[in-house]
Amino acid sequence: MPDTTSLLSYVVPLCATLLIIVGMAGMLHKNRRLQFVSTTALLAVIGMVSLYMFLNGLSAIIMDSLAVYQFSMFFVLLFSTALILVNLLSYGHSNDYLSFSMLMGFVAAGMFTVAMAYSLIAILLGIELMSLPTAFMILINGKHHVEAAMKLFVLAAISIAMIAFAIALIFPYSPSLLLTSNLVNSGMKGGYLIVLSMLLFVSGLSFDASLFPFNLWIPDVYQGAPGNITALLAGVNKKVAFVALFEVLFVVMLPYSPQFSVLFEILAVVTMFFGNMAALVQENVKRLFAYSAISQAGYIAIGFAAASQYGSEASIYQIAAHTFMIIGAFAVVLWLEEKNIKDLKDYNGLATSNGFAAFTLTIFMLSMIGIPPLMGFIGKFLLFTSAISAGEIILVVIAIVNSFISVYYYGKVIFAMYAKRPREQMSMDWTVATVAIICMLFVLLLGAYPQPFINAASIAAGSLSVL
Amino acid sequence: MIEPFPFIGLLLFSLAAGIVVTMISEETHSRRVGIIFSGFAMLIAFYMLYLGVTSGSINVSESYPYYIPTFGIQFLFQLTPVSFLLAFMATIVAFVTILAGNIDREEERIATSLILLFEFAAIGLFASSNLFLFFIFWDIGVIALFFMIYLLGSANRRRAAMKFIIYEIFASLLLLFGIILIYFYTPVHSFNINYIATNAYSIPGNMQTLIFLLFFVAFLTNMPVFPMHLWLPEAHTEASTQGSMLLSGILTKFGGYGMVLLFTMLPIGQAYSVYVAALATVSAFYISFMLMVQNDIKRIIAYTTIVEMSIILFGICAVNTVGTAGAAYAMLAHGFAIALLFLTAGSIKHIFAERDIRLLRGIVSNATSTAYVLLTGVLATTGIPLTAAFIGDILIFIGAVQAFSIYGAIPLVTIIMFGAYLYYVLNKSVFSAKEETSPVDYIGMPQKVGYAILLFFIFLFGLLPFVVLNFFNV
Amino acid sequence: MTAILIIAPLVLAALAIMLVGEEHFKTVKYIAFGASIVTLLFAILLYQTPPGIETYSWFSIAGLSFNITTSTETLNMLLMMLVSVMTPLIFLYSMGYLETPSEQRRFYFEMCLFAASMLLFSISAGFISLFIAWEMLGVTSYLLIGFWYKREHAATAARKAITTILIGDIAMLVAIVLIGVHYHSFDFATLMSQYQNTSFLYLPLLLILIAAFTKSAQFPFHEWLSDAMEGPTPVSAFLHSSTMVKAGVFLIMVLFPLYSQTGLLPVILIVGIISAAIGASNALASRHIKKILAYSTIEDLALMFIGIGLGALYATILLFFVQSFYKALLFMGSGAIMKANEDEEDIFKTYNSSKNRKLYVALLFGVLSIAGVFPFSGFFGKALLGSAASSNLPVYIMLVIIELAGGIYIFRWLFIPLRNMNEKEETVYINYNSIPPTMIAPMYILAILILLASFSYIYFPTFLLPIVKNVQQITWPEVLFVNGTAIVGLLVANYVYRQGHRFYMASKHKNLFNALNNSAIINRAYVAIAAAFMYTARAISRFDSGVDKFTYSFSEAFIESGHSIKGLVNGQVNTYLLAFIAGFIILVIAFAL
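Residue numbers (the working numbering), protein chains in the order written: chain A, 1 to 467; chain B, 1 to 474; chain C, 1 to 593.
Some hints here could point you the wrong way.
Said to hold, decoys possible - List time: in silico DSSO-like cross-link candidates among lysine-lysine, alpha-carbon distance up to 30 Å: (1) LYS349/B <-> LYS428/B; (2) LYS420/A <-> LYS349/B; (3) LYS420/A <-> LYS345/A; (4) LYS549/C <-> LYS420/A; (5) LYS345/A <-> LYS566/C; (6) LYS349/B <-> LYS150/C; (7) LYS150/C <-> LYS342/A; (8) LYS355/C <-> LYS143/A; (9) LYS428/B <-> LYS448/B; (10) LYS420/A <-> LYS339/A; (11) LYS566/C <-> LYS339/A; (12) LYS26/C <-> LYS150/C; (13) LYS150/C <-> LYS349/C.
Rather than coming from a laboratory, the hints here were simulated on the basis of the structure.
Make the full structure from the sequences, and use the hints.
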């Protein structure tokens, strides 16, 4: 990789640091609006800079631990966009927005670190920086969230421990902890240990990526956490774990692609079935979406099973698609939850009380089923084609069966919302509405005209492989 | 050859604009807006027919900038004689549906925009020359009709809509899988139907069989043909009049058109045509028997749809010019006739607030025009000469006899069975007088105009078949 | 000369009738009548022009052209003239018969359409136009039988007719499809010129035969014709005696060379004899004034089929021709009697038919003709048939018996309404003066035609020779046999019905009467077949809903299985931890293996 270090490359880490500082400053000045504007502005700067760098194909390595290249910039852009949305959502709906903002600084820093990671340590640090403050984010919203926060905290600690152990196992066989250090050259003597390390990595990261069986906490925590945090967990945290998996598997462990292909075939199948089957009987809508998010993680895993650049491209696309779908969906769900509308039966006749909410939720769910011409369909299409090109026909059949199963529970929500029940009007507050509209526009436009975004995903995947 | 003018683009664009305008228009104006836009689409279709007739062939081909160049997917539209007939029928049926279908004038805005969306999907599907676009339009159409059933249906619509969506998504997922497989197994990866048709022989036999089965089951579910028919009667019972008109009139033709494509695309289809024919025969008989125990007027009509679609499948799997042309013509005829029947069924429901033939008596006394239109519709369904269905039926069976010799005539027997039952219904409910059912309301001018339009086309295509059949001779 | 234009006046009339308002109900009958006169003139004009075949291409596909072929050859002209002569007479009769204003438009519309279809049928020389006409005949017949749909019997009768005819239609369609595929043409001419080479034709011809039997009411499809009498009398006189029901006979006559070639004639002969026997016996036993005539029509048609079956085309054509007049006359007469007896249908409740001398004399013409008394035209038809059968003794014996029965029932039909009213029986208001002259006049025209038709025996051979090849002569035994049966019939009927031995006979020969009145058995068979279908349908429907329920409960069970998976998520962190570790270990083990 050519080292064209420029000042611009430092903007992202710098702004991330500033985000933490601004977050802490917020605790002092206690001005919510100022806090919101400043954090949003910083995220926007990060987003725009990363967009610029992505488009111009700039690349740089910062202190041997962070790397600027198209893959990282793609995800920095995606995460900053998602964080802007979550930030907006929290501004309107968090009990303690200032604390949230402070913690979000850490979380964001962790996310960007993982996205830009150039060494395994950066990944570990990033994950740690992201996971633990998230648990506190849940906590600050009140006592009844303690259980969820504790579950997240305990299990996150285990997963981080596993990742750390994985790094330790690799270390003897690698000249350095840089992602690019070539394992193959160090001989196959430690082959088993490297595979073991890979399993540890995958298990640890699957915790956040919500792959079965490391994901059992997901429904509890998603349901127990306030909606904005759930959106963060499902929309961003999970994706960060996938990014880390990309970096570890497609760069460090690329020679072991047959192994992790098989591994992800298994994980994808069990995750899809687990998510979909459990979602069939859910009555709580938030929990239903939690399971749906699990099954979507299973679809994303198909790209890993394909273990090709094509597969990673498809996964990247689907990651982005799911980010928008799930943040939009949880935004609406959050708003309804505050109105004490939680269960499926409470959703009856939502369309009469707020047609917009019902419509956006329907679009998100149709996208999750994979109805063209929405973004989720393009994602699934790419995933299926990539899997078939890798010869994984059975996997595609299973994925199709799962798509079919998912129609039922998404359909249930749609049925409930459009049931003919007289209900009083409810007006949506602007934060939720904005988030929902932005997400819907992404889902509609990138579904109806997907080519630019497919190109972007393809470029990102390509740059990862030449890192 | 029609002069190069982007007809299909114009059609799709005007319909898309129609959806937007309808959605933002007021509830009371929305129907009129819908009439204007679908009427415009119908006029374009007329003009295309006119050009086709004067030039003697229909061969539209349009391409627009790439949609997903990575996969070589572009907006490539093409009208073959088969797809032109179906698209033409779709514009007219959709127009009549908007004009006359909503007799109770409920939820006009949402209904009209959904119909326009469905029409958009239908025309896109019939015109697309690319399997990927075909699939996209397929799903849009299915979703539009799903909401049509669920939002505007009657009491038990939830179960019916769920059944509908489950079956249809099942079909569409199989279709998706088949499309992806076909893409990867053509020599140069392509979704282009023409390319696939000329190169499909190079797909290995097993894979061809798999693809054939995937497509076949998908289309079978949509048509629907036994054993995938279970969703249709229930969907019809619960759907509104408009929903039923579109469902039987146009949606079932998605599958029919798909079957035509399938048998022209994959050479292996011919090896299975005998089995397909056997299935279609079983289906026709099975459903005819089913029909004989129905009492709900809409259910009866729904079952005739399945019988007709089975017969159409029978014509398609003959895989020869006459059979295919007959199937296309029968689909055209069936679209008009079934829309007419469902419109009359809706009128009867509106007039008498009753749909059970055991309780309806003497319809002719209180709703004369509806009764005679229903009679004509039944005649048109049973394939009486001078109605369009006759041309379709006779061509289908000539094609089938060419392909399967004398056995090709067997499904004709079903016409006796369901014809006899339809006449029984007519005599029991329509032309009878003991304790007449009393009307609660009357139908208005739009319904009568709707009848007139559909009858006009039934007889037009029954009397002047050469107008469009010449396209098949090129 | 464009022969197909002959249907134009009536089609235009039908359209005009459809379009005129309800308030112009009085004009429609004149429109229809005028159109029928124009048609008659046109037919006469057509008769003057040399015969020929005209072909119009309707449409063609893949080298198969669907042509409308018309012919003005002898047989076609015969039927066409018959129809165009009958149409004005029937319309004239209807003017007096049908008085209800609300029914006028519907009646004349359907009648015009029917007459046009019949004309199209008569000039068809190809299967496509033939089938169009054939189906339209069925449809209009259905509509006209069920004309008084408010009577339950009429609706049922219409349904029975259309169902039976539908069987024939489909049989015909199958035959057409088979022929079209095999010969790449639908014209009779092509078929005739190529038939030698194949046994393929056997099945299509058999199917056409079935179609002909349904249309012409032959066993086992005959029962609809007697029920069809629920329609208005002009309909019975027109469709169900003189024109439509003969379509089947006509078709077989046109295709006669093919039938004689394929050896299907014995089938026709046997069906004809059975039908004739059934027709004659039911006519003897029926009490319904029109049904007696309907069964008699079945017998007439059966005699024609017997003629075809014997290969005696000349006799058949003659019978075909003359039968129209006397049968239409008798139906008109029955309508008049019913009208005078307050629409009474039971023949034993009609009285004093001799009060109207004009009516009675006209009826006498018809009855003598059908009984076969010289010199009425019926005699020639029956005598020729007899001479054709003389070489075949079993058939000849059957014919004698059937003719004998024919003589009895027709005089029975004449004598029963003749009785004076008996005070003991219930009194009915009888008014023979209410019969309008428009109803009597056509009967006299027909009576004249009956006599004129006698000359066809002399005139026909000259222009039928090209078709029939050999012309039989009536020999003395036949003269005796036909006139003899008529006289015996007269005597028996006189003995039984005029001299009051009816009740004695009926009580003593109960079994005989039951055997004669066998229509109920046939009807029971129909019902049994329908019931079998319905039984199957119900069984299949049960199966279908079973499958539906099964899929439903299967999917329910599938959805419920989600609960067991959901059970993994029990809210306990230690479970999650266990799963975490267990999952890892399982993966390790899997990869270690």
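Each hint, compared with the structure:
A threshold of 30 Å between alpha carbons decides the hint, and for LYS349/B with LYS428/B the separation of about 16 Å falls inside it, so the pair holds. Distance check on the hinted pair: LYS420/A and LYS349/B sit about 21 Å apart at the alpha-carbon level, within 30 Å; holds. Distance restraint check for LYS420/A and LYS345/A: the Cα-Cα separation of roughly 13 Å lies within the 30 Å cut-off, and the hinted pair is therefore satisfied. For the hint linking LYS549/C to LYS420/A, the alpha-carbon distance of about 27 Å falls within 30 Å, and the restraint holds.
Restraint check: the Cα-Cα separation between LYS345/A and LYS566/C comes to about 20 Å, which is no more than 30 Å; the hinted pair holds. This hinted pair checks out: LYS349/B and LYS150/C have alpha carbons roughly 22 Å apart, not beyond 30 Å. Our distance criterion of 30 Å between C-alpha atoms is broken by LYS150/C and LYS342/A, whose separation comes to about 60 Å. For the given pair, LYS355/C sits about 111 Å from LYS143/A by alpha-carbon distance, which is inconsistent with the 30 Å threshold.
Restraint check: the Cα-Cα separation between LYS428/B and LYS448/B comes to about 24 Å, which is no more than 30 Å; the hinted pair holds. Proximity of LYS420/A to LYS339/A is assessed by CA-CA distance (about 20 Å); at most 30 Å being required, the pair is judged to hold. Proposed proximity of LYS566/C and LYS339/A is supported: the alpha carbons are some 27 Å apart, at most 30 Å. Pair hint LYS26/C plus LYS150/C holds up; C-alpha atoms about 23 Å apart against a cutoff of 30 Å.
Distance hint between LYS150/C and LYS349/C is fulfilled; the C-alpha atoms sit about 24 Å from each other, no more than 30 Å.
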